[in-house]
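Protein chains: 2
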Amino acid sequence: MNADKAKVRQVLDGVKASGRNALTAPEGKLVCDAYGIAVPQEGVATGAAEASKLAGTMGFPVVMKVVSPDILHKTEAGGVVVGVNSADEAAAAYHQIVANAKKYDAHASILGVQVQQMLKGGQEVIIGAMTDGSFGKLVAFGMGGVLVEVLKDITFRLAPATREDAASMLDSIQAAEMLKGVRGGKAVNRSALQDLIVRVSQLVSDFPEIAEMDLNPVFASEDGAIAADVRIVVNFEPKAPRYRPDEKDVVTAMNRIMRPKAVAVIGASSEAGKIGNSVMKNLINGGYQGKIYPIHPKDAEILGYKAYKSVKDVPDEIDTAVFAIPGKLVAGALRECGEKKIAGAILIPSGFAETGNMEGQEELQRIGREYNIRLMGPNIYGFYYTPSNLCATFCTAYDYKGSTALSSQSGGIGMAIIGYSRSAKMGVSAIVGLGNKSDIDEDDLLLFFDQDENTKVIAQHCEDLKDGRAFAEVAKRVSKNKPVIMLKAGRTAMGAAAASSHTGALAGNDKIYDDVLRQSGVVRARSLRQLLDFARGVPILPTPKGENVVIITGAGGSGVLLSDACVDNGLKLLKPMPQDLDAAFRKFIPPFGAAGNPVDITGGEPPITYMNTVRLGLEDDRIHALILGYWHTIVTPPMVFARNMVQVVEEMKAKGKVKPVVASLAGDVEVEEAAQYLYEHGIPAYAYSTEIPVEILGAKYQWARAAGLL
Amino acid sequence: MNADKAKVRQVLDGVKASGRNALTAPEGKLVCDAYGIAVPQEGVATGAAEASKLAGTMGFPVVMKVVSPDILHKTEAGGVVVGVNSADEAAAAYHQIVANAKKYDAHASILGVQVQQMLKGGQEVIIGAMTDGSFGKLVAFGMGGVLVEVLKDITFRLAPATREDAASMLDSIQAAEMLKGVRGGKAVNRSALQDLIVRVSQLVSDFPEIAEMDLNPVFASEDGAIAADVRIVVNFEPKAPRYRPDEKDVVTAMNRIMRPKAVAVIGASSEAGKIGNSVMKNLINGGYQGKIYPIHPKDAEILGYKAYKSVKDVPDEIDTAVFAIPGKLVAGALRECGEKKIAGAILIPSGFAETGNMEGQEELQRIGREYNIRLMGPNIYGFYYTPSNLCATFCTAYDYKGSTALSSQSGGIGMAIIGYSRSAKMGVSAIVGLGNKSDIDEDDLLLFFDQDENTKVIAQHCEDLKDGRAFAEVAKRVSKNKPVIMLKAGRTAMGAAAASSHTGALAGNDKIYDDVLRQSGVVRARSLRQLLDFARGVPILPTPKGENVVIITGAGGSGVLLSDACVDNGLKLLKPMPQDLDAAFRKFIPPFGAAGNPVDITGGEPPITYMNTVRLGLEDDRIHALILGYWHTIVTPPMVFARNMVQVVEEMKAKGKVKPVVASLAGDVEVEEAAQYLYEHGIPAYAYSTEIPVEILGAKYQWARAAGLL
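So the protein sequences, as listed, match chains D and G.
Numbering-wise, the first sequence is residues 1 to 710 according to UniProt numbering.
Numbering-wise, the second sequence is residues 1 to 710 according to UniProt numbering.
There could be a bad hint or two in this list.
No copy is singled out in the list; a pair is fine if it fits within one copy or between any two copies.
List time: in silico DSSO-like cross-link candidates among lysine-lysine, alpha-carbon distance up to 27 Å [to be verified]:
no.	residue 1	residue 2
1	K511	K180
2	K572	K456
3	K480	K401
4	K341	K328
5	K511	K152
6	K152	K180
7	K511	K575
8	K587	K328
These aren't lab readings, by the way, just hints derived from the structure by calculation.
Could you build the full structure based on these sequences and the hints that come with them?
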């Protein structure tokens, strides 16, 4: 991109020198010109011939306005002529304006006549940029006028934005259709709009002191896009960037923390009911195979393990220290951990930022930075990492190993994760409490789980992102490899207010989170249950190879609801069904079974009908994913259906036909056992729900599309 | 409302006589004038003085146009003058137009000059009316231009609409804010718009032959609302109205069917596995106390009951006949039931409309009508009515009696209802299969359950409403007494296509269903699980007395998600919390607990903190509903929390303080038992979900508002 950075620097220096925080219109034009941002051409003529010439170079029509410090109401003074269409008209207009102005005020100082390119309608849009506390520079695009004001029809991306980002912005607004031409209007020049978005986003990225920028309105037409008005606000005292350790160091430290050779428990206790006792028991009973060092001021032995007065007294290296002591003792013990070169401190104790004790938390951060020790928490339940059989927490031990890594900002949500995981037999690789996030946060976890061969899906609950930009940058890379799912709480204004009183964090504008998370390839869960259902189902589904989804159902009624759910979740039903495929399905189903998609095999069919149709669905390469609707009958009982489906899926897998399959089971309580059996054999299945299995398939698709796999 | 019906009749007769299906512009104006629908005033002047006078009566400015059959391009001929502002200008314009026209074409026949009221901008809106296959006459309102074209920002109501309906339409569109004035504009005259909507809706109701009507655009301003263009399409062959029995007869027949003194099983069988055997067993084992008459061509006794060859051979009166015979035998047996004066035939057999056999189904309808016997089905699983201990179905018997009456159009969904009901211990009064709905449909059930003292909530699944208008009219009355909840499948275009191939029903435009169901006070469930959760939770919640909701939570993280859910479900958190109330809550919670709403009691608190805060929430009359967020800890285990909450709620109930309370439980698997205990004691509670309990409370509120109880 051609950009005259020196020119912009010069303008900004001038603004800074004059102590202003906003640019004048001419300064704004200079900046736009330097970055190739189209604004109306303009100039001042001091004679009729010059006016004609100026107008000729910028192209007709033009608008002409008197330039006089003494005339405030130009129109009233007869000092404005619009729609000047030729060189002759320009000359005539010059004379007329000067004459009118003199007549209006004989003593007025007339400096000349401004000639400005006249914008020809088109579609009014808005392009802007802003600085977000968490995400930094953002570029915005929306429709002008009431659509942005009343309907808040606007979309955001991290700046700088690529042309692809810009294209996605044009498609993301509600009124996207308008850019394609409505009521016989012509489509706008998309390329010109993309260009403008990219340039604005580059400008604010190159010059962080540009805090806000508004091109409003931009007139977009089939010919191009021109900003009719430019507003630039600057801030020469931008906040210091947040400290970010080197990514390699993050991974090294996280590996030591999550797969430690030795763990110290600071505040270990022999007394049942104490947190330091629960942590010791969980480490031992969880099956952790490394060394365990209880730390206690007096006791010589705790639960059969030799205890030490300080980590510094332990003869071996220690990787992870779990803190189970009162908050006021943490800083001292943390310093000792630093001196001992421990990689990570798991700070269970509370009494820091969440109670208003900011100083206490900042002290811990300073010590952590000084000794290069990473801090998890404070104010957390600890963490589980199942491949190490590590339960570094006071909560009860996990039951099901698996491939989903979960984390939560809130302890309560963490407990819900643990309970659901056990109840729904969701296999987890890790559950991590982040609490006050004084140091380790979501992007540190992403970096670790990205390279963790035991983790296939990363699912996170958060209330705020302390450094949204760092998260987005890491998530964009990681989500190319593994699905990243997020439940962002404080979605609504009301929720955000609660978040703010809970963690002291300023919850961001949810629309920004929504757009940036999507830009980063993150799948957003809309509710706690959805986070949990996604975390459970997405990792066991194979990645689809295409968009064609087919519903095969024994219950016509489920077929309708499953179709609804497909639309709700952005899935595309293969429609119309190719004739030969339709005919092939028809061979297996009764003559009154419904054609097309859903394939309605009808209610009273034996297991073989389900098997034949599902086998065909898996075999034919034009079909990329299956949604099954089961109806409980005496002819095909739930467990018979479940076993048969698993058999067909495995039979086809052996032939290299691997596709995502989800199932909705309608029937009496026996369908619950069948749903669990299907899940345990790679088919996310739910009883009494047509929507949840489709939501899970939708999440897998959303991820695969964002990762460029479709 | 003043309306000149005779005038409209005269115009429509003229249109009919001339064999047209649309009205001309002057005809449209006559119709509008007859119903007081404001259109621009206009008249033709044949002299300058007359032009001045005409213009004066309609008010300035006016537009003047030449009237000549010979001049097609009026503007080109200089035959149009806009913005005529005074009587003098009108006279001058008259002369000028005539002169220009003569100059343009000396031979043109000039009939005069049309003087038309000139509309002064304002907001462009659309008001229309249409005829829907299921709902009949509907009135529509939307914003004009791109908002309706691109964003489909339009809303519908049944016609005729009341002024209150019309007011709700103005508030229902996405861009409602625009009517209140944006960008410094003035608010439109709401009363004038309401008036226009009411008049249009009355017109199409009075004259069913008006199939469509469009006022587009209507210019709405602070002064009033005038339709700039009117289009009326007529259809003189409207379809015959659907047969509707008298409501008293419906209730009488339904009472005989649901609470029969005697039931016949046509096709009863001793052979296990046969439908006629399952039905007999379910009647017997379900505990039905009336008489059971098996009907069988040969057997003398079935399962210990004397069998008859025909219902006509049974000596006593029979109320309900359950059919378990092949489809082709149904018509003959139904005729015998008719002769026996049986009230209702439960038509389990399939092979009718759902397989394309329309004639077969129509034959049953004819017989039903002839003998005044009501038909349930065909193609159904039958029904349960628990107060009669009646399982007139081949499905397994129910487990939990209660106060929710459910129905489903689809058999598969019916099975899901039965399974969920058993699994979640949802108490039901009835589960009814409606299948092909050849006769008995949703509004028949509403009429019965409305007067059924055993039913508190009615929850229905449907794919189409055969007679949406009848349903809406009944639902509007019934929903004033009892919540009516509906899962309308085929919501989306894709789902609707599936519905159509499934039942042969033309699924309506979902937006119409959405608006009309709301207008009728029906709460719409968005998914199968939501239908089931609402059916389970809504009946046990007391009706709130006001809008002020308070969240009391032990988990701050749950508080944020619960707040999000409140916004999503239209609940209003009491904010700001009155100072004295805030202070009163603070007395019970640690100093770092969060102020306001949510009341964050913090995580480590003992049971007494939950009890004190919840007691206060129930006691204070400024609070109308409570949402509890529980966090599983050792200090307050799940069942301790559950028992304590029930104790406080019952203690306060004894003092007359009855409020809806729902709970979200975050914790390990023990919270599931606690959730069930809470539900069984009147508190809908869910483990691992912050959204479901709030959705249930939201449904109760939505109903209470629509029923005028808030």
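Margin query: Please sort K511 with K575 into within, between, both or neither, judging by C-alpha distance up to 27 Å.
Written below: between (33 Å within a copy, 23 Å between copies)
Note to self: For K152 and K180, with the copy left unspecified, which applies at a CA distance of at most 27 Å: within, between, both, or neither?
What the structure shows: both (20 Å within a copy, 16 Å between copies)
Notebook entry, point to check: What label fits K341 with K328 when the C-alpha limit is 27 Å: within, between, both, or neither?
Noted result: Intra 22 Å, inter 85 Å, cutoff 27 Å: intra-copy only.
Next item on the list: Give the relationship of K572 and K456 under a CA distance limit of 27 Å: within one copy only, between copies only, both, or neither.
Entry: Cα proximity of K572 and K456: one copy only (25 Å, versus 40 Å across).
Notebook entry, point to check: Between copies, within a copy, both or neither: which fits K511 and K180 at Cα up to 27 Å?
Noted result: both (24 Å within a copy, 25 Å between copies)
Notebook entry, point to check: Within a copy, between copies, both or neither: where do K480 and K401 come within 27 Å Cα-Cα?
Noted result: within (24 Å within a copy, 52 Å between copies)
Checklist line | Status of K328 relative to K587 across identical chains (alpha carbons, at most 27 Å) | finding: For K587 and K328, only the inter-copy Cα distance (25 Å) is at most 27 Å; the intra-copy one is 75 Å.
Check: Within a copy, between copies, both or neither: where do K511 and K152 come within 27 Å Cα-Cα?
Finding: Both ways: K511 and K152 sit 10 Å apart in one copy and 22 Å across, limit 27 Å.
The structure agrees with every numbered hint stated previously.
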